[in-house]
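Participant: The lines below spell out each chain.
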Amino acid sequence: MPRVLLMVGTKKGVFLLDTDEARRDWRVRGPFCEGFEIRDAVYDPSDGSIYAAATSPWFGPAVFRSPDLGETWTHSSDGLTYGDGGPELTRVWSVMPAHGSVYAGVEPAGLFRSDDAGATWRHVAGLREHPSTPTWMAGNGGLILHTIVPHPDDPNRMWVGASAVGVFETTDGGATWAARNRGVRQDYNPGPPLEVGSCVHKLALAAGTDRTLYQQNHCGVYRSDDGGASWQEITGSLSSEFGFVVGVHPRDPQTAWVLPLTTPEHGRYTPDAKPAVWRTRDGGASWERLSRGLPQQNAWLSVLRQAMGVDSLERPGVYFGAQSGQLFASADEGDTWREIASSLPAIASVDAAVLAD
Amino acid sequence: MAEVRLPGALTTLFPGTPRRLALPGATVGDVLAALDREAPGMRDRLVVAGPAIREHIRVFVDGEPAGLDSPVAAGSTVDVVLAVSGG
Numbered sequence: 001m002p003r004v005l006l007m008v009g010t011k012k013g014v015f016l017l018d019t020d021e022a023r024r025d026w027r028v029r030g031p032f033c034e035g036f037e038i039r040d041a042v043y044d045p046s047d048g049s050i051y052a053a054a055t056s057p058w059f060g061p062a063v064f065r066s067p068d069l070g071e072t073w074t075h076s077s078d079g080l081t082y083g084d085g086g087p088e089l090t091r092v093w094s095v096m097p098a099h100g101s102v103y104a105g106v107e108p109a110g111l112f113r114s115d116d117a118g119a120t121w122r123h124v125a126g127l128r129e130h131p132s133t134p135t136w137m138a139g140n141g142g143l144i145l146h147t148i149v150p151h152p153d154d155p156n157r158m159w160v161g162a163s164a165v166g167v168f169e170t171t172d173g174g175a176t177w178a179a180r181n182r183g184v185r186q187d188y189n190p191g192p193p194l195e196v197g198s199c200v201h202k203l204a205l206a207a208g209t210d211r212t213l214y215q216q217n218h219c220g221v222y223r224s225d226d227g228g229a230s231w232q233e234i235t236g237s238l239s240s241e242f243g244f245v246v247g248v249h250p251r252d253p254q255t256a257w258v259l260p261l262t263t264p265e266h267g268r269y270t271p272d273a274k275p276a277v278w279r280t281r282d283g284g285a286s287w288e289r290l291s292r293g294l295p296q297q298n299a300w301l302s303v304l305r306q307a308m309g310v311d312s313l314e315r316p317g318v319y320f321g322a323q324s325g326q327l328f329a330s331a332d333e334g335d336t337w338r339e340i341a342s343s344l345p346a347i348a349s350v351d352a353a354v355l356a357d
Numbered sequence: 358m359a360e361v362r363l364p365g366a367l368t369t370l371f372p373g374t375p376r377r378l379a380l381p382g383a384t385v386g387d388v389l390a391a392l393d394r395e396a397p398g399m400r401d402r403l404v405v406a407g408p409a410i411r412e413h414i415r416v417f418v419d420g421e422p423a424g425l426d427s428p429v430a431a432g433s434t435v436d437v438v439l440a441v442s443g444g
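Chains as they are written, first to last, in the working numbering: chain A, 1 to 357; chain B, 358 to 444.
Accuracy of the hints is not assured; some may be wrong.
What the hints assert, rightly or not - Some chain A residues close to chain B (C-beta under 8 Å, calculated; not the full set):
1) Gly35
2) Pro57
3) His75
4) Asp78
5) Glu88
6) Pro134
7) Trp136
8) Gly139
9) Ser324
Claimed, not checked - Every beta carbon over 10 Å from chain A, so not counted as near; a handful from chain B, in silico:
10) Ala396
11) Pro397
12) Gly398
13) Asp401
14) Ala406
15) Gly407
16) His413
17) Val418
18) Glu421
19) Ser433
20) Ser442
What the hints contain is simulated information worked out from the structure, not anything from laboratory work.
Beta carbons are placed, not taken as given, at the ideal position from N, Cα and C, and that holds for glycine.
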């Protein structure tokens, strides 16, 4: 019987929750990587490892790896540096295994790659050699590379997202990168939209495609059907254009989930203090508000960009965590919800994996 | 050789590394390089690019605040201390 594993990154380490296929009773383990703030923790299905993007206030940034579902952990930042003449690398924000390598997105925005399961790292320098780099400005969360989307088949292709900078794509293994922000609004910019300067919050590749992407941006939700070359806004009836997360269905490219929040000037909370996940089943043409089982009174939740996960069971489970420490789960694609942990440290990331028993 | 004393939160990250070690080096930087040979990766936990000691790490040589260039004499005590920080 398969088991479901959640990797929850918090301000105080990684927590691991696991359950059976019914997804009713969850065992909680942790914290792991104690003393480190975790911005992302993900499962590598190729070898069963867990990777965590970690930063300690004392010891700085590192990527942790557990080869045995949390029993033991190692860590390294060997090579996670811009060098003595470069800017100080202050945080690791994202980690993504792909095609036998592991990638890490960092602050200030840049991409690193490990070919030895996180033991050593090297800078994918081509991204910061993009001619727009001198214009990159930090968003509220910093100048951060938070999203890494590998191509499903081609190890030389990849998309990345950096807040207040935008989406970039490489087709040559990271040697060169092209901005992919056409069609995305920049309401904070008084002039016409810039090629670079788009505030992407999260990016996800639709299942079974190599060109349909969903994006939650500071200024709306978007879909691209041409690998990011152009974007069409699909904000539609959502309760707010602002939010951080976007989750995608493991098999249906038309299904995705977002969680709208009030705009920054109104606090980045769930609108009306009534949390709801919104689901599209038609590629963003329409949205459905899903709140059964979620608190609907005085619930001022803030859900950050890495804090939604989707499992791959036949009826996918959807999960999200709040900065106030609540973790919510749905075993029916968002139709109904349960709180499965109430008082974790501030949650920054949620990833879901299905483990064969 | 200097006696180097490390915080438990640091040695926990490097299982098997003792809290006290005798290490060679004419400066704090040299001693931390020797420390990295004993526990590969430990220097990264204490030093940022520049190089400089991390913002929330303090190093003392014989009780005096020290930087990477501070001299270390034979028989000196080098204390690595976590600054009061966090939240």
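Participant: All hints, please: hold or fail.
Facilitator: Comparing the hints with the structure gives:
1. With 8 Å as the threshold, the beta carbon of glycine 35 (chain A) comes within range of chain B, its nearest partner Cβ sitting at about 6 Å, so the hint holds.
2. For proline 57 (chain A), the suggested interface contact is upheld, since its CB lies about 5 Å from the closest CB of chain B, less than 8 Å.
3. Because the smallest distance between the Cβ of histidine 75 (chain A) and any Cβ of chain B comes to about 6 Å, under 8 Å, the interface hint for this residue holds.
4. Taking 8 Å as the C-beta contact cut-off toward chain B, the hint placing aspartate 78 (chain A) at the interface holds, the least distance being around 6 Å.
5. With a least beta-carbon distance of about 5 Å to chain B, the hint placing glutamate 88 (chain A) at the interface is held under the 8 Å criterion.
6. A least Cβ separation of about 20 Å between proline 134 (chain A) and chain B goes past the 8 Å threshold, and the interface hint is therefore violated.
7. Given hint, tryptophan 136 (chain A) at the interface with chain B, is violated; its Cβ is 19 Å from that chain's nearest Cβ, farther than 8 Å.
8. Interface restraint check for glycine 139 (chain A): the shortest CB-CB distance to chain B comes to about 22 Å, outside 8 Å, so the restraint is violated.
9. Hint status for serine 324 (chain A) relative to chain B: violated, with the closest Cβ pair at about 16 Å, above 8 Å.
10. The beta carbon of alanine 396 (chain B) sits about 12 Å from the closest Cβ of chain A, which is more than 10 Å, so the claim that it is off the interface holds.
11. With a least CB separation of 8 Å from chain A, proline 397 (chain B) falls inside the 10 Å interface cut-off, contrary to its annotation.
12. Not every CB of chain A is more than 10 Å from the CB of glycine 398 (chain B) (nearest about 6 Å), against its label as outside the interface.
13. Not every beta carbon of chain A lies more than 10 Å from that of aspartate 401 (chain B), the smallest distance being close to 5 Å; the non-interface claim is violated.
14. Taking the minimum C-beta to C-beta distance to chain A, about 5 Å, the non-interface status of alanine 406 (chain B) is violated against the 10 Å cut.
15. With a closest Cβ-Cβ approach of about 6 Å to chain A, glycine 407 (chain B) is found to fall inside the 10 Å limit, against its non-interface label.
16. With a minimum CB-CB distance of about 5 Å to chain A, histidine 413 (chain B) fails to clear the 10 Å threshold, and the non-interface call is violated.
17. The non-interface label for valine 418 (chain B) is consistent with chain A: the shortest C-beta to C-beta separation is roughly 19 Å, beyond 10 Å.
18. Interface exclusion of glutamate 421 (chain B) from chain A stands, the closest Cβ pair being 21 Å apart, more than 10 Å.
19. In this structure serine 433 (chain B) is separated from chain A by more than 10 Å, as the shortest Cβ-Cβ distance comes to about 23 Å.
20. For serine 442 (chain B), the requirement that its beta carbon stay farther than 10 Å from each beta carbon of chain A is not met, with the minimum near 5 Å.
In this structure, the earlier hints numbered 6, 7, 8, 9, 11, 12, 13, 14, 15, 16 and 20 are contradicted, and the remaining ones agree with it.
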